[in-house]
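For the record, the sequence lines run as chains A and B. Residue numbers for the first sequence follow my numbering, beginning at 20 and rising by one. Residue numbers for the second sequence follow my numbering, beginning at 5 and rising by one.
No lab work stands behind these hints: they were computed from the structure. Beta carbons are placed, not taken as given, at the ideal position from N, Cα and C, and that holds for glycine. Please note that a few of the clues may not be correct.
Label pairs and their in silico Cβ distance ranges [unchecked claim]:
id, chain 1, residue 1, chain 2, residue 2, range
1, A, 32, B, 272, 40 to 48 Å
2, A, 32, B, 105, 53 to 61 Å
3, A, 38, B, 248, 49 to 57 Å
4, A, 33, B, 15, 49 to 57 Å
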Amino acid sequence: MVIGMAAAAAPVVVHWLTRPRPMRAPLSTIRFVREAVRQRRARHRLRDFLILAARTLAILLLAAAFAGPRWNRPPLVSDDQTGSTVRVVVLDVSQSMAAVDRGMQALDRARPVTAGYLKYRRDLKANLILAAARPEAVFDTASSNLESLREELARCRVLPERLDVNRALTAAAEMLTPTDEDDRRRRELVVISDFQRENWGGARFDPLPADTQIQLESTAAMPPPANLAITRAVCRPLGLQQDRVQLEIDVGNYSTSARKATLEVALGESVFRLDTTCSPGQKTSLTEEVPVRTTGWLWGEVRLVGVDDALTVDNVRPLVVELREKPVFALVTRQPATLRPSASHLLECALVPDKGTNDESSARLVRIDPDTMDQQSLAPADLILLSHCGKLSDESVQLLTALLRRGRPMVYVAAETIDATNLQRIAKAAGSGLQMPVQFLPLGRGQYRKDQFLANVDRDHPPFRVFGDTLPAVIGRLRFSGGLSSQRIQAEQTFAEDAVLATYGDGTVCLVLSESDAGSLAVLNADLLASNLWQTSAFVPLMDELVQTMLSHGHGRDTFLCGEPLLARLPIDAGVAAELNVVSADSSDTSATPGELADDAAGTIWNWLAPDRPGVYRIQRDDDTVFAATVVVPSAESDLSSLDADVVQNRLAAGREVYFRSAGDQSEGRQDAWKWFAVACVLCFVAEIGFLLAFRT
Amino acid sequence: MTTQVKSRFLDLRALAALAHMRFTTRHRVEGAYSGRHQSRQQGGAGEFVDFREYSGSEDLRRLDWKVFARLGKAFVRLHQEETNLLCTLALDVSGSMQFGDDDRTDRPGSKLAYTQHLATALSHIIAGGQDQVGLAVLGRELMEYFPPGSTATHVARLQVVVEQLATEPTTQMAPGLRRLFERSRRRGVLLLMSDFLMEDLDDTFGALRLFRHRGFEVILLHMVHPEEETLPQGAAFRFEGMENDGALSCTPAEIRAAYQQRFAAHMRIVRQLALAGGCDYRRVSTAIPYFQTLGGFLVERVG
Chain A
20 MVIGMAAAAA PVVVHWLTRP RPMRAPLSTI RFVREAVRQR RARHRLRDFL
70 ILAARTLAIL LLAAAFAGPR WNRPPLVSDD QTGSTVRVVV LDVSQSMAAV
120 DRGMQALDRA RPVTAGYLKY RRDLKANLIL AAARPEAVFD TASSNLESLR
170 EELARCRVLP ERLDVNRALT AAAEMLTPTD EDDRRRRELV VISDFQRENW
220 GGARFDPLPA DTQIQLESTA AMPPPANLAI TRAVCRPLGL QQDRVQLEID
270 VGNYSTSARK ATLEVALGES VFRLDTTCSP GQKTSLTEEV PVRTTGWLWG
320 EVRLVGVDDA LTVDNVRPLV VELREKPVFA LVTRQPATLR PSASHLLECA
370 LVPDKGTNDE SSARLVRIDP DTMDQQSLAP ADLILLSHCG KLSDESVQLL
420 TALLRRGRPM VYVAAETIDA TNLQRIAKAA GSGLQMPVQF LPLGRGQYRK
470 DQFLANVDRD HPPFRVFGDT LPAVIGRLRF SGGLSSQRIQ AEQTFAEDAV
520 LATYGDGTVC LVLSESDAGS LAVLNADLLA SNLWQTSAFV PLMDELVQTM
570 LSHGHGRDTF LCGEPLLARL PIDAGVAAEL NVVSADSSDT SATPGELADD
620 AAGTIWNWLA PDRPGVYRIQ RDDDTVFAAT VVVPSAESDL SSLDADVVQN
670 RLAAGREVYF RSAGDQSEGR QDAWKWFAVA CVLCFVAEIG FLLAFRT
Chain B
5 MTTQVKSRFL DLRALAALAH MRFTTRHRVE GAYSGRHQSR QQGGAGEFVD
55 FREYSGSEDL RRLDWKVFAR LGKAFVRLHQ EETNLLCTLA LDVSGSMQFG
105 DDDRTDRPGS KLAYTQHLAT ALSHIIAGGQ DQVGLAVLGR ELMEYFPPGS
155 TATHVARLQV VVEQLATEPT TQMAPGLRRL FERSRRRGVL LLMSDFLMED
205 LDDTFGALRL FRHRGFEVIL LHMVHPEEET LPQGAAFRFE GMENDGALSC
255 TPAEIRAAYQ QRFAAHMRIV RQLALAGGCD YRRVSTAIPY FQTLGGFLVE
305 RVG
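For reference, chain A alone in the conformation it holds in the complex:
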């Protein structure tokens, strides 16, 4: 650059040296010369200036073309530095690093860059952290054994996990923290990643020592390659008959143009095909209802057909669904079966309309007296209903609570004053696992609720969602009587799963649904017989939808992410751990047993520290599948767009000095730069000729 500047000064120097030395001569007509010079001076000055400027600029551009100047400031970490140094290199091995651009994975582009920072240098100690959902450091601390680090670098592979940036930075910070007050080593952190927006948006460099030199090397392809991905695939059984399922599939189009997508859904032995058009930069949701003829656990996958994009692992997503037999209900009530009409009879009619027509339907609902209720009597029930059950004994409360926590859904129809006490005892017995948003209170002496109408209804969720646009007309006719008073426990806090689904005009709760560990509890605050609900066409579909919702509660929580801890509580009828084993649906998967099974007070737990392979996993007892779950690649890894350098250096750095370099921009920019310099140099010479022609006399 210095030489270039000196060369740029050459035309100026040549101009001054070769300027003709004027000859002194007397002239009688100097007056006319002066006038002529005055006339020509401005024009010639301009011409001379333009020509000199064009020549100087041409020399500068020529020098720049050869010198390839670095306009950016020098990197913070390089081999030029000397002295005792501790360096931690964090290499991103999350799923997005498998994106292929121009035939090369991002990880393969990252390997030589990383190796450059692990070259031997005296007084350098380094460590390599392979960062994904959990950071895995090669050594516990920085070491001078750089050769081993390079070997690990050569062996590392992309993991089907997301990148937990802050965990990786925290791990690096621990290694870079000074060991004592005399530790004056230079501290360097090098991060090689694709700086995916989803992962890096919340990165924080705070844990790092203040004097750490931070250098970020981006191996992201520019522009980001196009990617089409299945980001969500859920299968829900529909109806109490469970003869059909609803497929809910999200397809993300991470490209700049709309794309047509064909999806092939393989579920059990059935295959379905769906077509859609995905808008650019958006997720497109498909919903399809398909019939099924079998029951039990079904598994399969959703696959994008005919798509070959940057990341192929997200073109397929596993799928599981459990299709139950027609549910068996246990109705805990003190009302005799012969009492008609009665609330219990109304429930019986709503849930099993054909009860009594045949043995099968008769067996689907069992009346149980609270005093004779035990584990055995409740075991066959898929759902427990309580209505007019009087005061429950402590044993009954404990039994019901245990079943609730272990996944047995429960519907409590609160009509009597004693029901408030029962609910409080159940909530107390369930402990912190059951967090109801409301507390039911008995009415005062002489008080009675009558003709309450529904003021607020959650129309976006079951059970009221089933009515669709007719909901206002439906609930407008409903009048409720009886029931309890209610009081909000924490008005500001909302629970994702615990929802007040309907409230009366006086502000008391009509219907609330709460989670309790693996189970769920719904409370319908009304005396069914005194209300007109059973007299309307809304009663049966409302109960049907409510029960179905509770029976399918927990579906969707059978999907786990690769790299994230998997903890699933198996159904209570699954059996003990010793009888069970975990199998992968992928027969080619010969890896070690995925996770471990253990029993606890509430049942059996499947625990897997870090699932390392996507797919369907089944818990089998003998040859029967008692539970199934999917392990999937985090959908966030499908969006391959990267953070801008400005965002990383300014916003994320938060005042720290950070050097950010993108390998793709650097090489291409430098390749192109000299061409433009050369072209500009030629244009300067052409301009000089133009000036000479324009100003010629």
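Please arrange chain B on chain A, whose structure you already have, making use of the hints.
Using the frame of chain A, we list chain B on its own:
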């Protein structure tokens, strides 16, 4: 017996070729003696004054046949009624007249030298034609003035003065001309030799009009050096003014066209002022030998 020193500008050998030429005037003149110039005074032959060699353009009735028969040469008789020419040579000695002073023999000399040649020759010719010649040296003011005379001594003295002329840095001629006008008692011919590179051009021609109003015939010889017309050839020059008007560096090639435009415009202005003032105007290039210029001038005067 005194020996008159001949001026170095007096080339008798060259002037011998012009011996038959006379300086004439187109206008009626007022002269002290009878001469070939038509007098303003009316009347017949006056008292015989002298013989004068026949110039070839005069009336043959004036020829003295007896002298012709005796000597074989034609002479005319001068009488009182025929007056001679009173010609005043006014020479510009401003600094700009020194331009062109070059030792190189292949280059024309300075305008002043040319003027000196021309004035010396004219004084010889005028005196030889029995006319009277005077001299005025015009610088910042009237530096020298010799009223018209015709004696050999007078003419020799004039020629010496002309030979010793030196320029002085001045850009004004009008004050000198006015002074000359005041001192010129009798009408005649004013022959001004100048390069007219003065600042007071209008005042100068105003002073010349005074002469015209008095009845003088004013003849202007505009002296121009060839390099004044085109500028010297060369890459770069630092031109120094010759009349204390500063210096200037430039490349002649870049300004030649514009300069020539301005110089030509100046020439036109001088000519127009001269003609508008009733003066005879002649442009004299110092590139042409003075002798050739003089011959052409005299022929032109004869008409």
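Hint by hint, where does the structure go against what was stated? Just the numbers, ascending.
The structure breaks hints 2, 3; every other hint is satisfied.
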